[in-house]
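Chains as they are written, first to last, in the working numbering: chain V, 243 to 417; chain U, 12 to 185.
Simulated from the structure, these hints should not be mistaken for lab results. Since this is a predicted model, take the numbers as computed values, not measurements. Don't take every hint at face value.
To be verified - These stretches of chain V come out as covered by chain U in the derived footprint (C-beta under 8 Å, 3 or more residues): (1) 358-370; (2) 390-397; (3) 401-415.
Stated by the list, open to error - To give a feel for the contact side, a few chain U residues facing chain V, derived at Cβ under 10 Å: (4) THR78; (5) ASN163; (6) MET164; (7) TRP170; (8) LEU179; (9) GLU182.
Ideal Cβ placement from N, Cα and C applies to all residues, glycine included.
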Amino acid sequence: MTLATERLVLREFALDDWRAMLAIHSQPEVVRWLMFDVMDEAGARAYVQRIIDGVRDQVVVELAVTLPGDDTLIGRTGFRRGEDPRIAELWFTIGPAHQGKGYAVEAARALLGYAFETLGLHRVWGDCDPRNPASAGVMKKLGMRSEGHLVQNVFIKGEWCDSLVFAMLAEEWFR
Amino acid sequence: MIATERLVLREMVESDWPALHAIVSLPEVVRYQTEDAFDEEATRATISLAIDGAAAEPRLLFDLAVTLDGAMIGRVGMRRGEDVRTASLWFEIAPLQHGRGYGAEAARAFLGYAFETVGLHRVSADCDPRNAASARVMEKIGMRREAHLVQNMFIKGEWCDSLVFAMLASEWRR
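One chain only, chain U, in its complex shape:
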C-alpha cells in the first residue's frame, strides 16, 4: 500500500471489477491505448492478471488500484522489461476525476516505489502525441522526453506515433 496526500494505491482485488470496468469500458479512456474499450470479460481478465502478477516471484507486473476515500478512481502500474531493472509505467484516472492532478500524484508515488522499494534503474512510459494530458502528467512528474517514434504502432485502424518519456534512479534521487 502506498499513501499519498490524497490517494491510496493498493493491490487490486477481485471485487474491484465493477469500479475498474466503469473506467476501462469508456471509449474515451482507451482512445490512445492499444486495447479497445473493455468488455466485462476483459476487465475480469485484467484483474486476474494483476492478482497473479502480485503473487509472482520475481514480480514483473504491478497493476495497482488508485483509490480516493476508499473508492477506486483509476489504476497505476508497470511491467518490468527483458532487463528486470527497467520497467514501463502506465496510469489511468476516471474521466470524472480528471483535472485534479490525481494522475500525477499517483504516478509520482508509484515512481518512488519503483525506484526506492523495487530498486529499478530506469522507468519509461509512452503515449500518443495526441494524448496531451498523458504527456503532461509525465512531464509534471519529472520524466524526460526522450523520443518521438513516428508511426511505430498500428492501433484502432491507424498508424500512431509514440512519445517516449523516461526517468533514471539517479534522476529520481536528485
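Next up, chain V with everything else stripped away, as it sits in the complex:
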C-alpha cells in the first residue's frame, strides 16, 4: 500500500529501512517520549522486521514516511488494532531533520483517512506525555479530541509518566 499526500509518500517498510530508522532513533531527543530507548543496529533491524511481520497479520499497520523522488525514510506513522479490531492506536515520528514542517500532521492525517475510509475503523486514539507538547499539537491539528489526562499510568525510562489521551471517531472524521 502507498498513500500519497500533497508533499509526502507513505509506503510499506522494506528491510533496508533499518538504516534510516537507526539514524533517526539513535538520537536521544527522538526517543525521549517513546516507550523504547535509543536504538542500536540490532534494535533497528528487529523493529523493521516486526513491522513487516505485523503488517502481514494486519494487527499493526505502519508506513515509512518519505519525500517524493527520494525513497529514504524520514519518519513513520502507524497504528495497532486493539482487542476490538475496529479500534486502533495511532502513532507518528518524524526525524529531527524534517520536523517543523507539518509532515507529522500530513502523514498521520493520510493514515487516519486510510483507517476510517478504507478499513472502516470506528475509533482511533493516541496518547502522549504531557511534557511532549509537539505530539499533543499534532493530535489536536488532526482534529482528535482531548479525552483525558491519566496520571502516572506508565513507567518509562525510570519514572512514572502521565498520558494525555486523544481520540477520533469515524463519524467525526466524515463530518
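Using the hints provided, position chain U relative to the given structure of chain V.
Below, chain U alone, put in the same frame as chain V:
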C-alpha cells in the same frame, strides 16, 4: 480477610457460587459490564478463576467476596496490569443491598489493601457514564476522574463510553 465497620471481605470459595449467581445472573447487575448475565457455568468459572488467582504467584487477580453478617452480598476485586504496580478495580453489590454505602465501604477497604499491603502505585477503574451509581462510588472513595473515553467499547450491541477514575498511592496516604 479484610474487616470494615460493617463488612468482611474474604477470598471466594467454591460454595459461594449460589450466592454469587444470585447477584451476577441479574440483568440489571451486568447492564453496564462487558459480560452478559451469567449462567451457572459462567458463575462457577468466575469462582474457579478467583480461587486460581488467589493461589498464583505473583498474584495478578483478586476477586473477593463481600459479606455482611456472614452472607455474600457482592464482590470487589482487581486485576494487575502489564505493569504489576498498577491495577484496575471493580466492585459489585447485590441490588437488594444498594443505597447503604456498602459499595464504597468495600471498595475503600480494598483500595487500602491494594496500596498498603500489595504496595501498588496506581489503581484505576472505569464505568459507563450512564452507570451513575458506580461513578458516585469511585468519587466517594476519593478516586480522581481522569478521562471520558468516547465510544471506546462495544458492549451488548452498542458503542459505549468509559469514565476513567484513578488513585495513586501518594493520594491514598494523603
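Here's how the hints hold up against the structure:
Beta-carbon proximity to chain U at under 8 Å applies to 3 residues in the segment 358-370 of chain V; the threshold of 3 is reached and the given coverage holds. Coverage of a stretch by a chain is defined here by at least three residues with a beta carbon nearer than 8 Å to that chain's beta carbons; for the segment 390-397 of chain V and chain U the count is 8, and the condition holds. For the segment 401-415 of chain V, the stated coverage by chain U is satisfied: 4 residues place a CB nearer than 8 Å to a CB of that chain, which reaches the threshold of 3. Hint on THR78(U) is violated. Least Cβ distance to chain V is approximately 32 Å, over the 10 Å limit.
Among the interface hints, the one on ASN163(U) holds; its C-beta lies about 6 Å from the nearest C-beta in chain V, closer than the 10 Å criterion. With 10 Å as the threshold, the beta carbon of MET164(U) comes within range of chain V, its nearest partner Cβ sitting at about 7 Å, so the hint holds. Taking 10 Å as the C-beta contact cut-off toward chain V, the hint placing TRP170(U) at the interface holds, the least distance being around 7 Å. For LEU179(U), the suggested interface contact is upheld, since its CB lies about 6 Å from the closest CB of chain V, less than 10 Å.
Against a cut-off of 10 Å between C-beta atoms, the interface hint on GLU182(U) holds, since the closest Cβ of chain V lies about 9 Å away.
Going through the hint list in order, the structure does not satisfy hint 4, though it satisfies all others.
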